[in-house]
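Asker: Order-wise, the sequence lines are chains V and B. Residue numbering for the first sequence follows this note's numbering, beginning at 1 and increasing consecutively. Residue numbering for the second sequence follows this note's numbering, beginning at 1 and increasing consecutively.
To be clear, the hints were calculated from the coordinates, so they are not data collected in a lab. Just to be clear, a hint being listed does not mean it is correct.
Because identical chains cannot be distinguished in the list, a pair is counted as satisfied if it fits within a single copy or across any two copies.
As the list claims (entries may be wrong) - Okay, derived cross-link-like pairs now, DSBU-like style, lysine-lysine, Cα gap no bigger than 30 Å in a straight line: (1) K304 / K408; (2) K124 / K408; (3) K408 / K66; (4) K66 / K83; (5) K145 / K124; (6) K66 / K46; (7) K380 / K152; (8) K46 / K313; (9) K124 / K83; (10) K380 / K124; (11) K313 / K408; (12) K145 / K380; (13) K313 / K83; (14) K145 / K313; (15) K66 / K124; (16) K145 / K408.
Protein chains: 2
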Amino acid sequence: MHTQSITLAECLALDQADSLRSLRDLYQVPEGLIYLDGNSLGVLPKATPARVAAAVAQEWGQDLIKSWNSAGWFQMPLLVGNKIARLIGAEEDEVVAADSTSINLFKVLSAAMSISEADHPEKKIILSERTNFPTDLYIAEALCKERGFTLKLVEADELEIALQEDVAVLMLTHVNYRTGAMFNMLAMTAAAHNVGALTVWDLAHSAGAVPVDLNGSEADFAVGCGYKYLNGGPGAPAFVWVNAMHTNRFWQPLSGWWGHSAPFEFTSDYQPATGIARYQCGTQPILSLTALDTALDTFLEVEKLGGMPALRKKSLALTGLFMRLVQVELSAHEFGIATPLDEEMRGSQVSLTRSEGAYAIVQALIERGVVGDFRAGDGKFQADILRFGLTPMYTRFVDVWHAVRHLKEVMDSNEWQQPRFSHKKAVT
Amino acid sequence: MHTQSITLAECLALDQADSLRSLRDLYQVPEGLIYLDGNSLGVLPKATPARVAAAVAQEWGQDLIKSWNSAGWFQMPLLVGNKIARLIGAEEDEVVAADSTSINLFKVLSAAMSISEADHPEKKIILSERTNFPTDLYIAEALCKERGFTLKLVEADELEIALQEDVAVLMLTHVNYRTGAMFNMLAMTAAAHNVGALTVWDLAHSAGAVPVDLNGSEADFAVGCGYKYLNGGPGAPAFVWVNAMHTNRFWQPLSGWWGHSAPFEFTSDYQPATGIARYQCGTQPILSLTALDTALDTFLEVEKLGGMPALRKKSLALTGLFMRLVQVELSAHEFGIATPLDEEMRGSQVSLTRSEGAYAIVQALIERGVVGDFRAGDGKFQADILRFGLTPMYTRFVDVWHAVRHLKEVMDSNEWQQPRFSHKKAVT
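Given these sequences and hints, build the entire structure.
Answerer: The following block contains the structure:
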């Protein structure tokens, strides 16, 4: 528990000393905005508009179908996958960028269930965390219903006890979307393997946010998102990683032509491609994939400046600073901190709780140009969350300082209690 | 069988008299190219670059997550679906644009199988055409294996005999990708219903190419492609239509959060949305979807000029002209015409066959700026195909005339036998 505050001047000095501060110049962070929602939608890399415009005007407009070869469209899912691989501890040709996270989870969970069924037909439990991201649970629920499995949901701290011999697959999101709490991938994978279970990891809030070592952890399957910390643009294609030992033991029903060994021979029977290519299904949205590809080229600039370890160090400093300022400056306002204080256990966000007004406070901050987001609790186990993503690529220490200052002003002045902030806008 | 040719001057006159000729000005057809591959990748609408650039720079770059509401990103799959609906005989809120054709086929075939299983558990056959597009067969093959069904493939003219009481689902591509032969949707659907089977139609080569009346045909399910005749750009999202009588009898395992009744309440159990929204799964690639949306706005300009019936009339005139010129001008060169001469039975392409040289001839034409494509036969039932898509939105009668003139020159001069045309380039 911190008791000492930190001044704006000290934060300015931290930014001056930040060896990664040049990276922010690669992004188009809107003037005057303190954008702490890069864990929902990452900002625009400056290189993206020209690259997408060229894909539209030249590759599509002028070169048309030729671009499947000449512009590399055919290979793009695998080439983009190779760039993502460098951020998550995967090897070349182990990752493919395609479809959405939900659909990719369907592919890998299907495959994991099939492998488990072949090796351990008696295991019929998919184990996950109750506060896992809902779409992961929906996909698992449907696959369980379809295949006679049971989806067992427990709290994070009950996982170890629930990991029994009947578990076929442990399916977890590495960094929790609500709290920012991070599992120890190595330890959880070892615990799963210890009872003969396979692991499926969702890296939506990990890829580009924290160092991930899939092969080093001996994980089995992973999926992740292209439009959060990777800055691929709204709805950018997601990705799939499969441990090389499982890749060719494939069975999943999304067996479209792009996963075929020879898609352009148009044979009537399905022969899966060798390797990760078989986790493709249909044609990918090339314009969106081009934006993701560009974003990764920008992201990988970090490799010249210390890579993911350097980014992690800055991320921890940012989240640490945020929590320290909240503890000291906002002690009168009854916020809880849902994010673990332990550095080993947190991702790159800070989540606050408050028994009253979480939604209105987030709205008041947005009006002041401090963009975080609100995630509703369930009124029982889960509290309402004020969520602040601290993307280390482009967030400054002064941004954190000003964000907490605004939060303090919103609270001290009771600004958040103005009626206009409490009306929830319908999302659709 | 035509015996009389037609002159370039007569084709120029046809273009002059064409009430749809202004539509070509809405598209960026590359200078000097005769592009007859719009059935693979449609050309760039002139409105698209600015619209995509604004989505990148303003909606994403400046407005960030706010754009989910302010730029209508949330509703875009349904709004784009409503535009497609006008071209395929569907009502508002019956179509959603999302994912790829392969994935959408998985959704609707899954749902059709589940409905059939509920109503007629004894039916265990999916019936389709042997030369259906392979990815459709791959998806069906996998679902059959998963659920204990059998995929039965027959030739098109054997379908009527094969349609027996044991058939659960008749799955057909409306216009065959190889030959351009078109099924009578009304008659085939009636024949399927007559034996208690449901119909799943793939409109990949129909939407925007020929009039389609899904509701008038009392069809059950349909999917289709955004990047062929609709000009949505490379890998543009595909679409799904479901007959309103089936929509809420949904069961398919791709039950991601976007198909949930309240995706942003983040409940841990899946409650499907009412209506076609439930056929969504994950977040869509907004940049690619924006390009498709723009393309549809351009496409729907045809409604001011007579709509799909007028487009159909021009399409038949173009394909008719192409075939007539081939019959008369190329009679010495032993081409077969795989596309039905009967107007009722053909889509918007002309497919030629030749016992020798199909690949090389297509390459020689491409070198001359006449872009069609080659589709390999299987060496047994199917011949090699030279495929020419005659997109009525932007193809002129003079383009057809010059295309056949080039083909004649390629054949008369034996140009196609030059070695450089016969080496197949690897697609990947």
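Asker: Hints first: check each against the structure and report whether it holds.
Answerer: Verification of the hints:
no.	hint	result
1	K304 / K408	neither (38 Å within a copy, 58 Å between copies)
2	K124 / K408	neither (50 Å within a copy, 65 Å between copies)
3	K408 / K66	between (57 Å within a copy, 24 Å between copies)
4	K66 / K83	both (24 Å within a copy, 29 Å between copies)
5	K145 / K124	both (11 Å within a copy, 20 Å between copies)
6	K66 / K46	both (28 Å within a copy, 20 Å between copies)
7	K380 / K152	within (19 Å within a copy, 52 Å between copies)
8	K46 / K313	within (24 Å within a copy, 47 Å between copies)
9	K124 / K83	neither (35 Å within a copy, 44 Å between copies)
10	K380 / K124	within (29 Å within a copy, 45 Å between copies)
11	K313 / K408	within (26 Å within a copy, 68 Å between copies)
12	K145 / K380	within (26 Å within a copy, 42 Å between copies)
13	K313 / K83	within (22 Å within a copy, 49 Å between copies)
14	K145 / K313	neither (43 Å within a copy, 49 Å between copies)
15	K66 / K124	neither (48 Å within a copy, 42 Å between copies)
16	K145 / K408	neither (48 Å within a copy, 60 Å between copies)
Checked against the numbered hints listed earlier, the structure breaks hints 1, 2, 9, 14, 15, 16; every other hint is satisfied.
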